[in-house]
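Taking the hints into account, I'd like the entire structure generated from these sequences.
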Amino acid sequence: MAQSLDLIREEALKKISDCKNTDEINEVRNTYLSKKSELMSLMSTLGSLTPDERKEFGMKLNQTKSQISEALNAKQEELATVELNKKLASEEIDISLPGRNFSRGGKNPFYIIEDEITDIFLGMGFSVASGPEIETDLFNFELLNIPKDHPARDMQDTFYINDNTLLRTHTSPVQAHTMQESKGEPIRIICPGKTYRRDDDDATHSHQFAQIEGLVIDKGINIGHLKATLELFAKKMFGEKREIRLRSSYFPFTEPSVEVDITCANCGGKGCSMCKGTGYIEILGGGMVHPNVLKMNGYDPEVYSGFAFGIGIERVAILRYGIDDIRKFYQNDVRFIEQFKKA
Amino acid sequence: MLISLNELKKYVDISNLTAEEIANGLTFAGVEVEEVSSFASGTNLVIGEILECEKHPDSDHLHILKVNLGQKFGVEQIVCGAPNARKGLKVIVARVGSKLPDGEIKKGVIRGVESNGMCCSLLELGVDSKYLTEQQTKGIEELNPNAPVGEENVLEYLNLDDTVLNLKVLANRPDLLSLYNVAKEVGAIFDRNVSIPSKEIPSSFTTKVVNKSETDRCSQFAIREVRNIKIKSSPKWLSSVLSSSGIRSINNVVDIGNYVMLLTGQPLHMYDLDKLPKNELCAKDDFVGEFVALDDKSYRVIKNDIVISSNNIPMCLGGVMGSKASEVDANTKNVVIESASFDGASIRHTSNRLGLASESSQRFVKGINKYQSNDVLNLATQLLIELAGAHEISDIKNWEKSIYNQQVVSSSYEKINDRLGTAFTNEQIKNVLTRLNFEVEEKGDKIDVLVPKYRLDIDGSADLSEEVIRLLGYENVHSVLPRLDTKVGALTISQTRKRIVQNLLLDNGLDECVTYSLISKKEADKFNLLNNEDKYQILNPLTDDHEIFRTHILHSLLKVASYNVNRQNKNLALFEISNMMSKQSRNNHLAIVLLGKDGNRDLLETIPYDFYHMKGLVESIFNSIGIENSRYKFSRISNCNKELHPGKSAEIVFQNQVIGKFGEVHPSIYNEYDLGKTNCVVLEMNLDPIFDAKVSVNKMNPISKFPTVERDLAVILDKNVLSSDLIKAIKVSSKGLAKDAKVFDVYSGNNISENKKSIAIKIIFGNDEKTLVDKEINDAMDNIKFDLAKLFKTELRS
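Protein chains in written order, with this note's numbering: chain A, 420 to 762; chain B, 81 to 878.
Treat the hints loosely; a few may be bogus.
[Said to hold, decoys possible] Far from chain A, by Cβ distances over 10 Å, these chain B residues were calculated:
(1) 156
(2) 300
(3) 334
(4) 414
(5) 433
(6) 521
(7) 557
(8) 568
(9) 616
(10) 658
(11) 702
(12) 797
[As the list claims (entries may be wrong)] When the alpha-carbon atoms are kept at most 30 Å apart in a straight line, the in silico DSS-like pairs for lysine-lysine are as follows:
(13) B:639 with A:613
(14) B:567 with A:714
(15) A:660 with A:695
FYI, nobody ran anything at the bench for these hints, they're computed from the structure.
Here the structure is a predicted model, which is why all the values come from computation and not from measurement.
For glycine and all other residues, C-beta sits at the position ideal for the given N, C-alpha and C.
Here it is in structure tokens:
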């Protein structure tokens with residue numbers, strides 16, 4: 420009897436290993452483990468055995484049954500894995516097709532620069548002021564030490580609404596507005612905004628452009644403070660390796676006035692075609708607020724001093740991104756704008 | 081201002097300084113040199129004489145020349161195409177190997193004839209044509225018959241070995257429109273010796289000409305009579321100097337006037353004395369009438385133009401242009417020289433109005449030194465004696481309105497350093513100021529600084545700081561960040577909200593644009609959905625395209641869409657936030673254009689943009705600011721529907737005012753903007769009301785512990801019933817059990833009769849205190865069905 424168990428087991432294990440799919444497994448399971456199977460029918464013979472024989476044969480019988488059952492389960496799992504893999508393989512997709520789009524839109528570099536410069540100065544404790552784009556002669560010129568018929572008015576060809584009203588030619592009128600509103604208190608502001616000059620549009624000129632004005636007024640402010648502030652700005656904006664230099668210049672509302680140059684990004688200051696061999700590129704103008712401007716706007720120049728500067732937004736963008744034509748900002752070709760998606 | 085270095089070095093020691101060093105020094109001191117250029121250049125040049133000139137057998141314009149180049153180089157054969165080549169002419173020859181601005185001269189064979197060099201025009205040596213006569217530009221340069229054959233320093237011989245600096249003279253330094261003052265500036269920058277000649281020319285008689293001014297616009301008016309002059313052409317040195325400075329040579333007397341102006345900055349005018357109707361020259365500003373000027377044209381003179389009249393007849397438009405009537409011509413014998421000071425503003429108005437701007441008027445506009453007339457007239461007289469043979473010189477008569485007080489600026493060394501953030505010693509500062517011809521008087525801690533007469537830009541201590549630092553250099557300024565009170569640098573609420581909206585739209589894939597504020601008159605009313613206020617109009621526009629300050633963005637943004645569509649960019653999502661200004665208001669507007677398809681997966685899954693895209697964006701904007709949807713609503717637009725599709729548009733109502741309009745554009749618009757066959761949804765919105773809106777602080781709502789139950793309901797009802805009304809009714813009739821209800825299908829068409837639609841709604845039931853039992857939900861559903869049937873005449877859909 421024990422020998423027949425061995426035979427049954429051998430036969431079953433062989434059949435199991437030959438199974439090719441789940442159906443065949445079930446068939447084998449039916450053949451060997453169902454109630455009507457040969458193995459199960461041997462169960463009924465147990466009662467006719469002596470207790471010792473019963474114990475020995477019963478053990479062997481159970482052992483055989485569980486060996487077959489285990490082998491069936493193992494084979495079934497094996498086949499299931501194969502089948503699953505086959506199914507998964509058939510489900511392969513083209514991973515090169517485009518993904519569902521959650522990307523940002525393009526941001527005209529005009530705004531990238533405006534926001535970035537603003538953030539640099541916010542970090543230095545500046546607030547952001549604003550003023551009207553349509554200004555009075557008083558704020559655009561007179562309160563900035565540019566009286567009527569001052570030759571400096573020729574430097575800025577102006578769009579007029581009437582004798583007294585005009586499109587601001589720079590963001591500097593916001594200096595005067597802020598001083599008048601601050602009533603003698605210290606000031607630390609920037610003001611980004613659009614400005615207008617009567618220029619024909621071409622690759623380097625635009626009748627509309629934008630500036631960021633900066634103004635600091637406090638006790639004991641000097642040129643060294645301006646220089647350090649702009650140095651910090653230049654390094655944040657253009658990179659830690661960049662240096663600035665100041666050149667004497669003239670604006671009616673600052674005294675002394677300076678043009679600020681930055682070492683050329685292209686050559687690092689050695690001189691190249693981009694910087695016309697000078698190693699430097701002009702980026703902004705500034706200076707110490709003219710005592711007349713302080714006086715006219717309610718500050719005692721004997722007590723307070725201040726510095727001011729103006730940065731051209733498009734100019735910075737042009738330098739940073741190598742943009743070759745200022746009109747590109749205003750054309751808004753999406754193939755241009757969408758090159759600037761970085762948040 | 082063009083500065084000839086040959087001329088400059090007569091007045092300041094610039095030995096051992098290169099042109100670049102001088103240019104650099106000036107630039108850093110605030111006098112920007114825009115260009116350094118050689119006036120002319122060329123190597124291997126020699127003066128030759130044409131010995132023979134024969135026609136080239138194989139050409140109708142070439143000549144074969146035998147040119148004597150002197151002992152050293154002998155006679156060379158040169159083929160020359162110039163029409164003025166002829167036997168006996170002395171010429172400039174560029175020998176083989178010569179490097180000229182346009183290239184190198186090589187030995188050659190021209191139509192079978194050997195040619196060893198080139199006879200040159202000044203153009204070929206790099207002289208700008210504006211300094212040359214027409215004749216000079218058409219042929220080779222004809223040298224003086226006495227020119228030394230074989231001379232190799234040709235440029236020097238011709239006074240062409242010059243370098244020219246182009247100075248950008250800024251509005252604060254009109255004094256630098258004078259070579260003398262540039263010499264002083266260079267002397268100060270490089271600490272070099274300056275010598276400005278000054279010579280008194282004695283008078284031999286007293287002039288009978290009476291000079292005076294009857295207007296404040298002429299505050300000083302000096303004259304001198306100079307007799308017995310001979311008009312002829314200027315000597316070569318004078319015409320060269322003028323050329324280098326950008327002025328054409330006319331004749332000796334006119335050239336002297338211009339030369340003196342270049343040197344001193346003082347414009348002069350010369351009258352033919354014998355043509356004056358009366359021995360009188362009087363400055364007036366009340367003449368009205370016609371004026372025939374030197375250019376033979378007639379100009380209308382109005383009140384406030386400065387006129388110099390003689391016997392009430394205008395002889396000169398002061399500082400702008402002389403009259404034909406008193407013109408110095410070839411027969412002029414006696415002249416009156418005028419050295420006057422005219423009000424810059426008046427000259428500016430007159431020259432702008434008449435379109436007559438000149439070297440003279442420019443100097444008056446920017447400001448001149450009115451205290452040098454004596455020196456100026458003496459210099460002019462001296463030159464008239466030397467170059468025009470003048471003899472019999474009158475006295476100088478100067479009419480002056482007031483007596484001059486030299487300007488004194490009070491300051492201190494400390495104050496100067498304080499403004500700069502520097503620690504220059506007293507000696508350093510004093511030295512700089514002295515080099516610049518200021519006189520420093522020390523008075524204890526203070527200094528009194530006497531300003532040189534020609535410096536019109538110095539009137540305070542701050543100006544002195546600038547003088548010091550521009551010479552000592554900004555590299556001496558220590559960078560120190562200011563120590564200021566700690567302050568939070570933060571955006572205001574509305575600035576922050578602007579960024580929120582900007583980022584929201586960017587994050588949703590819209591491209592941010594910037595367009596011009598100035599638009600044409602026609603455009604001012606196109607697609608202007610919101611603002612009908614009075615617009616600002618430009619008085620002096622450059623073109624019709626930029627004449628009105630806009631009060632809306634959409635038109636400009638649709639033009640951007642059109643621009644892109646025409647470049648095959650056909651699916652667009654664009655926005656712009658910009659400041660609008662009318663005579664009544666100033667607002668931040670937002671405009672959006674959605675065009676074509678929302679290509680979420682490129683072309684694989686595309687959804688044509690429609691009304692609901694835009695509505696979703698608007699809702700997101702309100703959400704992102706923190707404004708609940710109960711605070712605003714969308715209504716149908718009652719009027720203004722020539723731009724938008726009347727059935728697919730809405731206005732945004734917030735705080736009881738319409739703050740925006742949006743929707744699909746009207747079918748007629750596609751052609752107008754050349755948008756192609758596509759669909760386009762637009763929005764214009766005033767953002768200020770939501771930038772300024774009060775927003776309450778978020779408080780957490782507890783989340784219910786009890787489960788919710790969903791039931792679906794489909795009803796058929798009239799097409800024009802709004803789904804929002806249906807949902808409102810469901811919530812009401814459920815007596816608070818329906819926590820939410822959402823439309824999940826809208827259908828009309830087959831099996832639904834016309835004017836009807838089917839709406840399927842998912843209703844979410846729940847209670848925060850307990851689990852609802854079936855009966856409660858069933859009762860609520862029955863209620864809802866009953867109420868909807870009553871309110872909207874709905875039928876249930878099976």
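Going through the hints against the structure:
no.	hint	in the structure
1	156	holds, 39 Å
2	300	holds, 19 Å
3	334	holds, 27 Å
4	414	holds, 36 Å
5	433	holds, 14 Å
6	521	holds, 22 Å
7	557	violated, 5 Å
8	568	violated, 7 Å
9	616	violated, 5 Å
10	658	violated, 8 Å
11	702	holds, 20 Å
12	797	holds, 36 Å
13	B:639 with A:613	holds, 20 Å
14	B:567 with A:714	holds, 25 Å
15	A:660 with A:695	holds, 20 Å
The structure does not agree with the numbered hints 7, 8, 9, 10 stated previously, though it agrees with the rest.
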